[in-house]
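If you're matching them up, the sequences are chains A and B in order.
Residues in the first sequence are numbered consecutively from 1, following our numbering.
Residues in the second sequence are numbered consecutively from 1, following our numbering.
Keep in mind the hints are simulated off the structure, nothing from the lab.
Worth double-checking, as some hints may not be accurate.
To be verified - Once the Cα atoms are required to be at most 20 Å apart in a straight line, the calculated SDA-like pairs of lysine to any residue come out as:
#, chain 1, residue 1, chain 2, residue 2
1, B, Lys28, B, Lys196
2, A, Lys146, A, Pro161
3, A, Lys114, B, Lys28
4, B, Lys286, B, Trp360
5, A, Lys168, B, Glu327
6, A, Lys114, B, Lys196
7, B, Lys362, A, Asp443
8, A, Lys114, B, Thr366
9, B, Lys362, A, Lys146
10, B, Lys105, A, Lys168
As the list claims (entries may be wrong) - Per label pair, the in silico range of CB-to-CB distance:
#, chain 1, residue 1, chain 2, residue 2, range
11, B, Gly211, A, Leu192, 28 to 38 Å
12, A, Ser174, B, Phe102, 49 to 59 Å
13, B, Ile229, A, Leu192, 32 to 42 Å
14, A, Lys179, B, Met410, 55 to 65 Å
15, A, Arg25, B, Phe102, 30 to 40 Å
16, A, Phe321, B, Gly74, 50 to 60 Å
17, A, Pro322, B, Gly74, 22 to 32 Å
18, B, Gly74, A, Tyr317, 22 to 32 Å
19, A, Gly225, B, Phe102, 15 to 25 Å
20, A, Tyr317, B, Met133, 39 to 49 Å
21, B, Trp137, A, Tyr317, 35 to 45 Å
22, A, Met359, B, Ile376, 17 to 27 Å
23, A, Leu192, B, Asp191, 34 to 44 Å
24, B, Thr210, A, Gln284, 35 to 45 Å
Even for Gly, the Cβ is constructed at its ideal location relative to N, Cα and C.
Below, each chain spelled out in residue letters.
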Amino acid sequence: MAGHSHFSPANVEEHFEFTSEGRKRVILAFVAGVVALVIGIFLLSRGEGHEAAHAVAAHGAEHGGHLSGGAVSHHSAAYDWTNRIWVNLWLNGVFFTGIAIIGMFFVSIQYLAKAGWSSVLKRIPEAFPKFLFVTFPVLLLVFIFKGDVIFHWLHHGITDPASEHYDKIIAGKSGYLNKTFFLIRMVVFFALWLILWRSMRKRSLDEDLNGGTTNFYSMVRIATGFIVVMGISSSMSAWDWVMSIDTHWFSTMFGWYMFSSWHVTGLATITLTVLFLKDKGYMQYVNANHLHDLGKFMFAFSIFWTYVWFAQFLLIYYANFPEETIYFLERWEGHDKVYKATEILNVFFNFFFPFLIMMTRDAKRTPIFLKICCAFIIVGHYLDFYQMIMPGTLGPNGGYGLVEFGMVTIFASAFIYVISGELTKASLVAKNHPFLEEALHHDI
Amino acid sequence: MSHVVSPIREHLVDGGKSYHDVTHDICKQVEGAPTKEWKIAFGVSCVIFAYGAYCLFWTWWEGIGVWGLNKTVGWAWDITNFVWWVGIGHAGTLISAVLLLFRQKWRTSINRSAEAMTIFAVLCAASFILAHMGRPWLFYWALPLPNTFGSLWVNFNSPLVWDVFAISTYLSVSLVFWYIGLVPDLATIRDRAQTKASKFWYGLFSLGWTGSAKTWARYEYVSLILAGISTPLVLSVHTIVSMDFATSVIPGWHTTIFPPYFVAGAIFSGFAMVQTLLLITRVVFKLEDYITIEHIEMMNIIVTVTGSIVGIAYLTEFFIAWYSGVEYESYCFINRATGPYWWAYWMMMTCNVISPQLFWFKSIRTNLLVSFFLSIVVNVGMWFERFVIIVSSLHRDYLPSSWAMFSPTMYDMGDYIFSFGLFFTLFFLFAKFLPVVNMAEVKAVMKGVSSNYPHKKSHGGGKAKTTTH
């Protein structure tokens with residue numbers, strides 16, 4: 001598209017059509033994911049891919065005093081191959097919850113900062129939180145029924161001084177880490193996110209019908225409320241859903257670290273969705289200038305993720321406390337080194353590639369470069385979450401198999417299906433947005 | 001940049017100013033004789049500066065034994081003041097660089113003073129590094145210079161050396177940024193100059209600026225490149241300052257959230273200081289039409305946001321200290337809140353986290369007097385934050401027999417007073433001899449944001465008809 005097109009009148013009633021052809025493809029991907037998952041589960045049950053017995057034997061001796069305190073480190077019972085399924089559900093549940101809620105976060109920030117340029121594409125991120133209706137039950141059910149697979153602190157007798165499984169450190173945290181309080185927090189966070197999103201969405205659709213600025217100003221207020229909620233819930237959900245997996249370990253940075261990972265993944269997903277819609281002939285009013293801004297965001301927040309990741313790493317490395325360094329040691333050389341490759345890829349996918357690909361102005365304005373970068377960021381941050389969750393739960397039994405590929409395909413296709421459905425419910429452009437005129441003339 | 005502006009945006013220049021009015025309003029304090037108020041204020045800061053210089057001289061003459069340090073609290077006001085000033089020195093570059101990257105037009109009226117303030121604040125911070133050194137004439141030993149002293153070499157593992165690099169780089173880039181931004185305005189003053197001397201000096205420093213389209217294009221390129229360079233730089237400075245503490249193994253210092261939390265705190269205090277200075281400047285130089293309520297409100301919003309981020313960091317630290325189960329860490333935080341330095345802790349909490357929440361009310365954040373008062377409160381709070389982190393973590397170490405308190409001497413206070421003298425003397429000189437608002441950039445954004453370019457104003461209620469035509 002021409003970089004100099006100063007004005008493309010918005011087709012104010014542009015509606016996305018989720019064609020039967022499109023539906024078929026997404027369903028096909030979903031089915032392929034299910035098939036891969038089933039084959040993967042079958043192979044796991046046959047003990048292929050991993051020698052379960054060997055792992056357990058190696059384990060008992062080696063991990064007696066496991067410091068990071070993941071669920072895998074303690075259990076004297078034999079490792080159960082089905083754990084990998086539940087852990088994968090949890091991993092994808094947390095990862096896609098992030099993408100979904102960042103949609104709301106992005107829109108809120110735009111309203112709060114009174115950003116004009118993004119009004120032209122705000123319908124895309126605005127649709128994302130719909131997927132919370134899928135991830136919420138996944139996380140809730142996995143926690144209720146299989147929580148002890150993921151969280152060491154849910155193990156029986158762990159806080160009971162009389163039990164042989166008693167763990168003094170974990171017992172000390174039980175005021176916060178206990179089943180009831182955890183569930184309350186989870187339900188409250190999802191409830192607040194969904195309520196705020198629904199009321200934002202309602203006003204946004206009402207604005208299309210009735211115009212005026214009343215809805216705009218109430219959306220600013222909802223956005224403000226959401227940012228406050230997100231400021232607290234993002235950190236707490238990071239402690240709950242991810243950091244407490246390695247129950248002994250702690251890092252004050254962790255909340256912002258996980259949030260930065262969610263954030264940049266969400267930005268990449270927004271960009272990729274916009275680009276796909278453009279390829280289908282929609283949203284021609286989104287031009288190179290808007291893409292440039294999205295590219296800048298991905299560039300900047302990839303650097304921000306790296307900053308947070310590196311600061312956390314450097315400070316732990318430098319101070320060299322055993323109870324802190326164990327987290328990185330486990331990922332670098334522990335667990336038969338199954339996580340070492342991911343640790344390296346993590347930095348390449350999430351820092352070097354986005355940093356180098358998005359460096360120039362032209363790259364940020366060229367769809368193919370943006371797509372490559374989005375792919376690296378989304379895959380890279382899946383790996384980042386994999387790296388946060390797997391070592392503490394599966395230990396040496398982790399790996400990349402059909403279970404992982406199947407599960408992520410299922411979630412990704414479900415995400416595409418749900419979001420496509422949500423996108424059909426409103427015009428692709430918020431036609432009465434007070435800043436739309438600015439966005440259509442956006443030129444940088 | 002496109003000049004289409006939504007009618008719901010507030011004006012950034014009031015009073016129906018024309019381009020000529022901008023030049024006239026801002027140049028007049030540079031061109032006229034110093035006012036009586038200016039002379040008094042400048043005189044007072046010179047006196048403070050002289051008293052502080054005497055204290056600093058005595059610190060150097062006698063050595064840092066004149067401070068109130070003891071063997072348990074080996075670092076107190078010196079480093080507190082240093083971190084405080086570096087923090088304040090974050091706002092200028094943030095306003096000019098980050099807000100430029102985010103295309104925030106409201107920055108144009110405040111960036112000049114904010115950048116000047118940044119440079120002076122960084123100089124104040126540097127003065128504490130020099131004061132620390134005991135033998136300041138050997139300051140160049142902090143640089144990795146090839147030398148004839150045998151194997152003498154800086155310790156690259158030390159965050160204090162990283163500090164030297166970060167701050168000297170930051171100072172250089174901030175100076176260049178500020179100066180480049182000044183060039184077109186200096187040329188304006190040169191062209192209006194009445195006396196030979198001012199024609200010569202402003203002419204010299206405006207580097208032969210012609211104002212042709214090509215020079216303007218280069219000006220914009222350079223601004224953008226410098227903004228790109230200074231953004232990571234400004235974040236790195238306070239990150240590294242935080243590492244002076246966080247790389248250690250002292251409970252209360254070693255915590256991974258320090259880098260971004262220090263950066264947020266720095267922006268917080270920097271904006272508060274800009275607010276304090278601009279609220280005075282706009283009245284003294286009658287710049288109410290340029291530094292409008294809208295600008296003040298924006299800065300108050302940033303103060304609230306960063307104050308809340310800092311608040312989340314405080315609570316995170318407190319929570320994780322308990323959650324970690326590390327006895328020393330938990331004790332350190334309980335001691336902060338309830339120990340002998342409880343007053344400093346609650347001072348910090350009140351000033352930094354609680355009082356900025358008042359800005360949630362529009363009537364408060366658009367009230368000049370309250371804004372002025374709270375902007376000072378924030379900086380009091382931020383000074384106490386550093387004091388709490390530094391002194392409360394040190395004063396009760398692992399051996400109860402060596403527990404101690406810190407009490408400042410007149411040289412601790414005098415050296416702090418010195419930095420205020422330095423800061424205000426420089427700021428008043430700047431305010432007299434250089435234009436405090438960037439005329440060229442204000443003119444560049446006037447179309448669409450000045451009330452001189454009328455368009456429908458519709459905000460508040462829903463009756464107003466909106467846009468998209």
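Evaluated hints:
Taking the CA atoms of B/Lys28 and B/Lys196, the gap is about 17 Å. The hint holds against a cut of 20 Å. Using a Cα cut-off of 20 Å, the hinted pair A/Lys146 and A/Pro161 is violated, with the two alpha carbons roughly 24 Å apart. At most 20 Å may separate the alpha-carbon atoms for a hinted pair to count; A/Lys114 and B/Lys28 exceed this at roughly 34 Å. Distance restraint check for B/Lys286 and B/Trp360: the Cα-Cα separation of roughly 28 Å exceeds the 20 Å cut-off, and the hinted pair is therefore not satisfied.
A hinted pair counts as satisfied when its Cα atoms are at most 20 Å apart, and A/Lys168 with B/Glu327 qualifies at roughly 13 Å. Distance check on the hinted pair: A/Lys114 and B/Lys196 sit about 48 Å apart at the alpha-carbon level, beyond 20 Å; violated. Under the criterion of a C-alpha separation no larger than 20 Å, the hint pairing B/Lys362 with A/Asp443 is inconsistent with the structure, at around 33 Å. Between A/Lys114 and B/Thr366 the alpha-carbon distance is near 18 Å, which keeps this suggested pair within the 20 Å criterion.
For the proposed pair B/Lys362 and A/Lys146, the alpha carbon gap of about 48 Å is over 20 Å, so the pair is violated. Taking the CA atoms of B/Lys105 and A/Lys168, the gap is near 56 Å; set against the 20 Å cutoff, the hint is violated. A hinted range of 28 to 38 Å is violated for the C-beta pair B/Gly211 and A/Leu192, which are about 54 Å apart. Taking the beta carbon of each, A/Ser174 and B/Phe102 are about 44 Å apart, not inside 49 to 59 Å as hinted.
For B/Ile229 and A/Leu192, the Cβ-Cβ distance of about 40 Å falls inside the hinted range of 32 to 42 Å, so the restraint holds. About 59 Å separates the C-beta atoms of A/Lys179 and B/Met410, a value consistent with the hinted range of 55 to 65 Å. Checked against the given bound of 30 to 40 Å, the beta carbons of A/Arg25 and B/Phe102, roughly 38 Å apart, stay inside it. For the pair A/Phe321 and B/Gly74, the supplied restraint of 50 to 60 Å is violated, since their beta-carbon distance comes to about 22 Å.
At roughly 27 Å, the beta carbons of A/Pro322 and B/Gly74 sit within the given window of 22 to 32 Å. At roughly 25 Å, the beta-carbon separation of B/Gly74 and A/Tyr317 lies within the given 22 to 32 Å, and the hint holds. Restraint check, A/Gly225 to B/Phe102: a C-beta distance of roughly 23 Å satisfies the suggested window 15 to 25 Å. Under the hint 39 to 49 Å, the C-beta atoms of A/Tyr317 and B/Met133, about 29 Å apart, miss the expected range.
At about 36 Å, the beta-carbon gap between B/Trp137 and A/Tyr317 stays in the expected band of 35 to 45 Å. For the hinted restraint 17 to 27 Å between A/Met359 and B/Ile376, the CB-CB distance of approximately 42 Å leaves it violated. The hinted range of 34 to 44 Å is not satisfied by A/Leu192 and B/Asp191, whose Cβ atoms lie roughly 59 Å apart. Take B/Thr210 and A/Gln284: their Cβ atoms lie about 42 Å apart, and the range 35 to 45 Å holds.
Going through the hint list in order, the structure does not satisfy hints 2, 3, 4, 6, 7, 9, 10, 11, 12, 16, 20, 22 and 23.
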